Structure formats: structure tokens, C-alpha cells
Amino acid sequence: MPKNWTLKVDQFFHANSNCIIATAHVDSFPADLPLEPNIREPNRKSTTYKQIFESLTGEPEKFFGRSNGIVLCVNKVKANKTELELEILEACEGGNDGIVNGGHTVRAFEEARNNKYDLSKARVKVTIHIGLNEDDAKDIALASNTSAPVDARSKVNARGDYKFIKRFLAQLEHEEDIKFRIAYYQNQSGAPKSPQCNVNHLIKLMNCLDRNKYNPDSKSRTKHPPVSNTPSLSEAERQRLSSLLPLLPKALWIEQRLFKTIEEHITNPRRKKGIVDLASIDPRKNTLLPDSRYSFGFGAPADIAMPIIAAYRVFLDEKYNWIIPFEEFAEDFLQHLWTNYYRKYLISEKLAGNTIGSKICRNPVIWDNLYVCAQSYLNQQLMKMVSSNTKREELKLAR
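All the letters of the sequence shown, read from the start, carry residue numbers 8 to 406 under the working numbering.
Wrong hints could be hidden among the right ones.
[Stated by the list, open to error] List of simulated lysine-lysine pairs, DSSO-like, C-alpha gap at most 30 Å:
#, residue 1, residue 2
1, K69, K123
2, K52, K88
3, K57, K15
4, K230, K173
5, K279, K326
6, K230, K186
7, K351, K220
8, K88, K230
9, K226, K257
10, K257, K162
11, K88, K57
12, K162, K57
13, K128, K162
14, K15, K200
15, K280, K173
16, K132, K83
[Claimed, not checked] Restraint ranges, calculated between C-beta atoms of paired labels, are given here:
#, residue 1, residue 2, range
17, G197, S239, 21 to 27 Å
18, E183, P223, 29 to 35 Å
19, S239, Q18, 20 to 26 Å
20, N386, E270, 44 to 50 Å
21, K15, N293, 42 to 48 Å
22, P37, I330, 30 to 36 Å
23, P256, E92, 45 to 51 Å
No wet-lab data here; the hints were simulated from the structure. Here the structure is a predicted model, which is why all the values come from computation and not from measurement. Backbone N, C-alpha and C define an ideal beta-carbon position, used for all residues, glycine too.
Please construct the entire structure, taking both the sequences and the accompanying hints into account.
Structure representation (C-alpha cells):
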């Protein structure tokens, strides 16, 4: 059902048939307007928010001239001389209504009122767009949120370019009875700040398994996947990533198993308590992974699993099918990489005093070594399969 909110106003005028501009009272401004069209949620710790709050509470009578105002999208407006009644559709009703720009401002109103500041003289300009469709609401949100930096991820999300990932994860949650915690935009409530829970982290995990784009055996310059963020998604990129989406659960599994392996290593009862011999692993911090079932009592770089995951692309064909069933080799291969290469590498980096996680994870030498190791491991497995098949054929002939 549509919901209604009332704005107390001094005056208003119709800028056009679908837009009203009003001077609204701050002390009665509704604090629970939805943020659906906004491209980021307000952050009370941000400089922007603090400046708005100080301006509002310091000299409330001057706030109208110092504020950029608030932009709303609504379904309908009923007006009289002193009030505007706003009808807002919820997202589940197909609406794109709510605060497009000014989320920090509205939150500042709420906090000031909760702290008993006198806002009776404070006014704010409100621009009200009526009956906008989804694309128009997004265009206004992107154009309006320029007074303070907005991260690229929030803009990509506002354009709807992450929808294909959201749909896939929603289906996976339903089929596997799991819950993902993913941040798609800036200051998203309910999403942890752990970098592993950033949507761009998922994209980097998928990139690690793109054996067609990142193939050291080809003439391409990009031999290994980049670990830098690539938030801008073209149509071609979305199509490429869509073909990689079925591999995302495997990439997440590899990351989870690596973190469990690291946890087992640093909590081994035979080791001195509190002593960690692995570079970039911090026992004073915690890490949350995208799958809400997995939390770990140590901090690690977001990219730490990527060289390991990237090694698995050796086991994929050109159509991203596993040459050997994943379940038959995945755990053994991970332990092989950890025991013979990655653990030794992290220990050697710690002994050398190199503890900056991003540099450690981006060292091309370890990516090359793990890739070559994966090729050798695959060849051994294929030889075993050929040998096993040959023995079966010999047994059949003997009978």
C-alpha cells in the first residue's frame, strides 16, 4: 500500500507539471522517508554529515542559504497553502520514490531533534519530482550526488549494472539455503565493511578463473588477473562475467578453504600462542567472508586467496567446464599448493620483514609459480586417469 508523509511549508511553486519546489520546515520534516533512489546511505562519521549538522545546529535560521537542499521522488502530491501531502510507493510496489539526494541532511535533522536543538527557525529547500520512472530517478540520483565524493561502486549500482550478480546470488541463496552479505554501494546498512564483502571482490574472484582472458600460455600481455578494482562495467564486461558466474561458488569455496587452512596453521597447539609466522596475517583483527557462515579471528588482505584461486583456472577448458570434476581434486590441490608453495612463501616474506599484504599478494613470481604448479599437477592427474583406464582395459581383455 502507498504511504503518505506530510511536509509543512512556508511556500511552494510548480517548476513544471511534474516538479514542485518548496520551502519546508526542518523541525517537522519526516525522518523516515525511504532512501530507495539514493545511491548511498548517509554516514554520520563523514565530514559531509558533520558539516551539515554543525551548520544546522549552530545557526539554524541561516540553514536555508547554506544547504543544497533535499531532492525527493514521489508518486503523487496533494497541496494546500501550508502543507504538501506526499504519496510514496514502496519498492515492492514498483516505486522509485523517496530521497534522491539529501540523505545526510535528513539524518542531521533527526539527530538534532533527538538532542533537543531548537529548529523552529530552520528551513530547507525541497525539490519534489512526481511520477518518475526508474531510469529517470537513477539519472537524477547520479547527477545530484556530486557535492561530496561518491565511490564508483555506488554509481555502478545506481545504474543497475550489478543486477545480474544480485539475481544469481538470490537464486543461490534459495537453492543452497545460505545468506550472502555483500555491499553494493557506499555506507550500505547491514553490510560489513570487510573488503571481502565488497561486490568488486566477487568480480575479482571471477576474474581469477577466466582462463581465456588471462592465459600465460597465450601471446596476451595480461597473463594473470589484476587485483585492482574494476567497478566500471560495460555491456561486454557484463556478458563476460555472466559466463563466469557459475564458477563463483567454486571461487568462494576455495577462498573459504584457504582461510580455514590459515586458521588451522596459526592456531596449531604445537605453536607458540600469539606468534604468527605468516606475512600479512594479523591475529588482532577479524575477517568476514561473503557467505555469512564464515568468520575468522584474524585479519588478512582481501586479495590473499587470489593467486591460489587463479591457479585453478588451469583445470578449465575454453567453455569454462572443469576438465576433471572439481570435487575430485579441489581439496587435495589446495593443500598441495599451500604445503609446497604458498605457506613457504608467506613464511619467507615474514622472515624478510615484508608484511604489506597488497604487495605480497601482487608479487608476479608467486602467481607464475602457482600456475606452473597447477599445470604439473593437472598433467599428473591426467596421467593417472590414462593409466587407470589402461589397466581397466587390460583387465577386461584378460577376462
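A quick look at each hint next to the structure:
Taking the CA atoms of K69 and K123, the gap is near 18 Å; set against the 30 Å cutoff, the hint holds. The straight-line distance between the Cα atoms of K52 and K88 is roughly 38 Å, outside the 30 Å bound, and the hint therefore fails. As the CA atoms of K57 and K15 are separated by approximately 25 Å, the hinted pair is consistent with the 30 Å bound. Proposed proximity of K230 and K173 is supported: the alpha carbons are some 29 Å apart, at most 30 Å.
For a cut-off of 30 Å, the pair hint linking K279 to K326 is broken: about 47 Å separates their Cα positions. For the suggested pair K230 and K186, the alpha carbons sit about 34 Å apart, so the restraint of at most 30 Å is broken. With a CA separation close to 29 Å, the supplied pair K351 and K220 stays within the 30 Å bound. For the suggested pair K88 and K230, the alpha carbons sit about 67 Å apart, so the restraint of at most 30 Å is broken.
For the proposed pair K226 and K257, the alpha carbon gap of about 27 Å is at most 30 Å, so the pair holds. Only pairs whose Cα atoms come within 30 Å are accepted, and K257 paired with K162 is accepted, the gap being roughly 28 Å. This hinted pair does not check out: K88 and K57 have alpha carbons roughly 33 Å apart, beyond 30 Å. For the given pair, K162 sits about 23 Å from K57 by alpha-carbon distance, which is consistent with the 30 Å threshold.
Simply put, K128 and K162 have alpha-carbon atoms about 35 Å apart, too far for the 30 Å limit, and the pair is violated. Taking the CA atoms of K15 and K200, the gap is about 37 Å. The hint is violated against a cut of 30 Å. Proximity of K280 to K173 is assessed by CA-CA distance (about 41 Å); at most 30 Å being required, the pair is judged violated. For the hint pairing K132 with K83, the CA-to-CA distance comes to about 19 Å; that is within 30 Å, so the pair holds.
Our hint of 21 to 27 Å for G197 and S239 holds, since their Cβ atoms are close to 25 Å apart. Look at E183 against P223: about 33 Å separates their beta carbons, and that is inside 29 to 35 Å. At roughly 42 Å, the beta-carbon separation of S239 and Q18 lies outside the given 20 to 26 Å, and the hint is violated. Look at N386 against E270: about 31 Å separates their beta carbons, and that is not inside 44 to 50 Å.
Separated by about 46 Å at the C-beta atoms, K15 and N293 satisfy the suggested range of 42 to 48 Å. In this structure, P37 and I330 break the distance hint of 30 to 36 Å, their C-beta atoms being roughly 59 Å apart. Checked against the hint of 45 to 51 Å, the pair P256 and E92 passes, with Cβ atoms roughly 48 Å apart.
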